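S.K.: Sequence:
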Amino acid sequence: MPATRGSPLGAYDIELWRAKQMLADHRIEFLPAVNEDLAATAILGTQQVEADPHKTADGVFGIWYGKGPGVDRAGDALKHGNAYGSSPHGGVLVVAGDDHGCVSSSMPHQSDVAFMSWFMPILNPANVAEYLDYGLLRLRAVALFRHLGGLQGRSRKPSRVRHCRATCRAAPEFARRRPTTRRAA
2 MPATRGSPLG AYDIELWRAK QMLADHRIEF LPAVNEDLAA TAILGTQQVE ADPHKTADGV
62 FGIWYGKGPG VDRAGDALKH GNAYGSSPHG GVLVVAGDDH GCVSSSMPHQ SDVAFMSWFM
122 PILNPANVAE YLDYGLLRLR AVALFRHLGG LQGRSRKPSR VRHCRATCRA APEFARRRPT
182 TRRAA
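Per our numbering, the sequence shown starts with residue 2, numbered consecutively.
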């Protein structure tokens, strides 16, 4: 998970640092990057693991995250990553922490238009329940985007949703079912 310090996603990077041992136990590497475009370039490289004769994994799933200005800065690598596609056994989730109200950014921003110009599919959770559903369905979404062959964008996190609290009931069938991935012959 290449990323830059100071996560726009509610201290996501801090929690990854805290979970260092658990991540290592599950062969998950948190790779802090100097900036957003280097992080996106690292993610792009992870999707080419099949070409490495000395590979130690069949595929790599990566998560890139940044604010709107970071999306702008990393645009070239994200655009090319989506055009090249993800690895059949890998995948990439691109998370953009948009700041529509310019609360903690130098200017207001919205990443949807950039994602659309790169033909990157977008998931837009509209409320806390949808965040939970998307989280529970993430494995299915990753399987879908592996099939499509591109990167997956998750954008548009308005403050009214990000900074709220809610009681939600997760559908039990989502928790019980295991997603399956079928590869085309």
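These are calculated hints, taken from the structure and not from any lab test.
Since we're looking at a predicted model, the values are computed, not measured.
We put the CB at the ideal spot given by N, CA and C, even for glycine.
Some hints here could point you the wrong way.
Unchecked claim - With beta-carbon atoms standing in for the labels, derived distance ranges: (1) Glu30 with Thr168: 13 to 23 angstroms; (2) His90 with Leu32: 16 to 26 angstroms; (3) His55 with Val104: 22 to 32 angstroms; (4) Trp18 with Gln111: 21 to 31 angstroms; (5) Asp53 with His27: 35 to 45 angstroms; (6) Ala130 with Asn36: 32 to 42 angstroms; (7) His90 with Leu24: 36 to 46 angstroms; (8) Gly102 with Glu51: 37 to 47 angstroms.
S.K.: For every hint, state whether the structure bears it out.
M.R.: Quick rundown of the hints versus the structure:
The given range of 13 to 23 angstroms is broken by Glu30 and Thr168, whose C-beta atoms sit roughly 35 angstroms from each other. For the hinted restraint 16 to 26 angstroms between His90 and Leu32, the CB-CB distance of approximately 19 angstroms keeps it satisfied. For His55 and Val104, the hinted distance range of 22 to 32 angstroms is not satisfied, since their beta carbons lie about 46 angstroms from each other. With their beta carbons about 29 angstroms apart, Trp18 and Gln111 fall inside the hinted range of 21 to 31 angstroms.
Distance hint check: the CB atoms of Asp53 and His27 are about 21 angstroms apart, inconsistent with the given range 35 to 45 angstroms. Checked against the hint of 32 to 42 angstroms, the C-beta distance between Ala130 and Asn36 comes to roughly 34 angstroms, which is consistent with it. Checked against the hint of 36 to 46 angstroms, the C-beta distance between His90 and Leu24 comes to roughly 19 angstroms, which is inconsistent with it. Gly102 and Glu51 have their C-beta atoms about 43 angstroms apart, which keeps the hinted 37 to 47 angstroms range intact.
Taken one by one, the earlier hints fail for this structure at numbers 1, 3, 5 and 7, listed in ascending order.
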